[in-house]
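2 protein chains.
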Amino acid sequence: MRDVYVVGVGMIKFGRYPDKDVSQMGAEAGVLALKDAGASIKDVEMLVCGNLFQANAMNAQKILQQIGQTGIPALNVSNACATGSTAFREAYIGVASGMYDATMAVGVEQMGKMGLLGGGARSGGESVEGVLGSGLMPAVFGQAGVEHMRKHGTTAEHFAKISVKNHKHSVHNPLSQYQVEVSLDDVMNARMVAYPNTLYMCCPTGDGAAAALLMSEDKLRQFTSKPIKVATSVLTSDPYTDRDLTMPDVNTLTQNAAKEAYEKAGIGPQDLSLVELHDCFATAELLHYENLGLCGAGEAGRMIDEGRTELGGDIPVNVSGGLLSKGHPLGATGVANIYEIVTQLRGQGGARQVEGAKAGLAHVIGLGSACTIHILTA
Amino acid sequence: MRDVYVVGVGMIKFGRYPDKDVSQMGAEAGVLALKDAGASIKDVEMLVCGNLFQANAMNAQKILQQIGQTGIPALNVSNACATGSTAFREAYIGVASGMYDATMAVGVEQMGKMGLLGGGARSGGESVEGVLGSGLMPAVFGQAGVEHMRKHGTTAEHFAKISVKNHKHSVHNPLSQYQVEVSLDDVMNARMVAYPNTLYMCCPTGDGAAAALLMSEDKLRQFTSKPIKVATSVLTSDPYTDRDLTMPDVNTLTQNAAKEAYEKAGIGPQDLSLVELHDCFATAELLHYENLGLCGAGEAGRMIDEGRTELGGDIPVNVSGGLLSKGHPLGATGVANIYEIVTQLRGQGGARQVEGAKAGLAHVIGLGSACTIHILTA
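The listed protein sequences correspond, in order, to chains E and Z. Using the working numbering, the letters of the first sequence correspond one by one to residues 1 to 378. Using the working numbering, the letters of the second sequence correspond one by one to residues 1 to 378.
Just so you know, the hints here were simulated from the structure itself, not pulled from any lab data. Check the hints yourself; a few may be wrong.
One copy or two, it doesn't matter: identical chains are merged, so the pair holds either way.
[To be verified] Within a straight-line C-alpha distance of at most 20 Å, the following computed DMTMM-like cross-link-like pairs (lysine to aspartate or glutamate) qualify:
1) Lys259 <-> Glu45
2) Lys42 <-> Glu260
3) Lys168 <-> Glu157
4) Lys264 <-> Glu45
5) Lys358 <-> Glu217
6) Lys168 <-> Glu181
7) Lys264 <-> Asp101
8) Lys259 <-> Asp271
9) Lys229 <-> Glu217
10) Lys226 <-> Asp3
11) Lys226 <-> Glu355
Nothing here was measured: the structure is a model prediction, and the numbers come from that model.
The shape of chain E in the complex, shown without the other chains:
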């Protein structure tokens, strides 16, 4: 396997684009990534598109039609919320294999104004969770938070502080869907969605796209003096567990992926400068502090209390604003957090820059099940 580097990233502001279609948004992000690298579509040897809601609509090919129809291999992948990061991973393997010197991943989604209750693959009439209604995402992540409260004495306020932090971060991200601070009172007093997550503790729906251009070491010399290395790329699915059927295990999948990623990269949580993790709900972010080994079991509440994961803390988490404020257009998310890590490792984070960032971890979890972890280094 060869080393692989990200040499270009592009992202359109997450938000609402009722007048664009999926492939237009994807093409815009793709062009931005090419411009960022100073490359042309003729340099790209394979395109992988990640999109969930129109997974069979040949968006990779439609994106190529708009950027430049060069006849290269194009394919479409989907993997629940890990759709974009799975597309990135296939593009990564394409270069790592030696088959291609330059590949592009585009993650894109147009969610419109759908509700929060898209249940994902665990819901539906076939499963116990589906029948009980507990397979719905807000319920799953609410319950997981309650379980943490029961076991470790975590409070609703701990979870609410996650939302305050991420909204505060997003003010400095011009591509974030929302860019407004919220107070602890705002969060605690917002409409309850599924205890303990109030409205501001749930990611919004929205549209968006992000793209990344990956290259081999030989090829990138023509394009950049600041390549960002993909130190490891991990994808896992749910292992068999004797879990309580009324409460899907949202933790094991990430724990397994993290263990594998740290081993393969030879980089541990103590070596990370920043983390972009899958805060689809505030409860999820807190649980993932422990799942990713950023702190020990039961210590996540104290971690947020001490401000360790804020910008300026020892391990800033979701300085982009995270899914909670930056937004979560499903297929785009996995590439968007690569965008943030690359931006930070280049020192281009502006007011949200993590000083001296050397290594960043991007984490995405899709129930149903897929978890990706990418560790990138400057």
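Got chain E; can you put chain Z on it based on the hints?
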């Protein structure tokens, strides 16, 4: 890049399975491929599922749940009619890269009794073809046949003979959706769908699944003494062409893919023992004789007249029965023709065996656009 081998294949009979779901059919094919190799799901390090109609339903993961939930990377791909072959290709790259020693590709589709008129990505209101109705598949491939008639003097009977041949082959394939011979009169007098293709010259709709287990050279020694090598794996998309907008070019895509495949494999059309090509319509098969270089431009009509592509001819095409008779459950097709090539190269084709088969080519084209060519050798 490492050499990659197919060590196990599995396929369920194509047909109608209203009482099964997509992941059940996929899991059945997967288990058959494992059994064929004498392997266990614990040997598999990555699973790629190709499915079109439920492309975002996490079928790769659902298949794993049924076979054995080992926590391995699982992902879902779609690429129009080339969905299954694209899944196979991603599984191939996984082993070729050195990342994995064993991967599995499953292609599966449940079409039910939908009509023939699913237009594919070229149809729809946005395009000239869509507005004119010419983007509909039967029209596209009918027109392409008419164009061949105009240029080369090919007759409707030439195309009809393709259907007679493939139905005749299918009688010897127990996994074929249909296993009945049809006469030239039957074909010529059947209901016209889109000139010159009558009903028997159009592939049926149906359900089905196929799977392939791929391994590195080191790993396969535990499992088989008769590995089938993947000599090359090519995927292309539509290049930019100044095509007549009223008549999509169904030829260029295959021509480009074939050129690349022959160059990469160091194997030419003259070295092939058999071909499984994408005969979604009888006209398509005849055009692809030329597109794949099995004969020169304008010679395809004579080729079918002389029986060269029949079982027993010098280059048998679609001895499985082809899409016309074996069936075309979209996502399954690309893996099903790998199944046939592997079966033949092992000498396990029974009454439809191509004597002394040493090299086979599997071709799939998806308008919208994706073309795969895999060349396998014994």
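Results for each hint:
In this homomeric assembly, lysine 259 and glutamate 45 come within 20 Å of each other (Cα to Cα) only across copies, at 17 Å, whereas the closest approach inside a single copy is 32 Å. In this assembly of identical chains, lysine 42 and glutamate 260 lie within 20 Å of each other by CA distance solely across copies; the values are 17 Å between and 35 Å within a copy. In this homomeric assembly, lysine 168 and glutamate 157 come within 20 Å of each other (Cα to Cα) only inside a single copy, at 16 Å, whereas the closest approach across copies is 72 Å. For the identical chains of this complex, lysine 264 and glutamate 45 are inter-copy neighbours only, at 15 Å across copies versus 27 Å inside a copy, given an alpha-carbon limit of 20 Å.
In this assembly of identical chains, lysine 358 and glutamate 217 lie within 20 Å of each other by CA distance solely inside one copy; the values are 19 Å within and 38 Å between copies. Taking the shortest alpha-carbon separations for lysine 168 and glutamate 181, only the intra-copy value of 5 Å comes in at or below 20 Å, while the best inter-copy value is 71 Å. Taking the closest pair of Cα atoms, lysine 264 and aspartate 101 come within 20 Å of each other only across two copies (16 Å); inside a single copy the shortest separation is 22 Å, beyond that limit. Taking CA atoms no more than 20 Å apart as the test, lysine 259 paired with aspartate 271 passes inside one copy only; the shortest distance there is 14 Å, against 48 Å between copies.
Taking the shortest alpha-carbon separations for lysine 229 and glutamate 217, only the intra-copy value of 9 Å comes in at or below 20 Å, while the best inter-copy value is 30 Å. In this assembly of identical chains, lysine 226 and aspartate 3 lie within 20 Å of each other by CA distance solely inside one copy; the values are 15 Å within and 34 Å between copies. Proximity of lysine 226 to glutamate 355 under the C-alpha cut-off of 20 Å is restricted to the intra-copy arrangement: shortest distance 17 Å within a copy versus 57 Å between copies.
In this structure, every one of the numbered hints holds.
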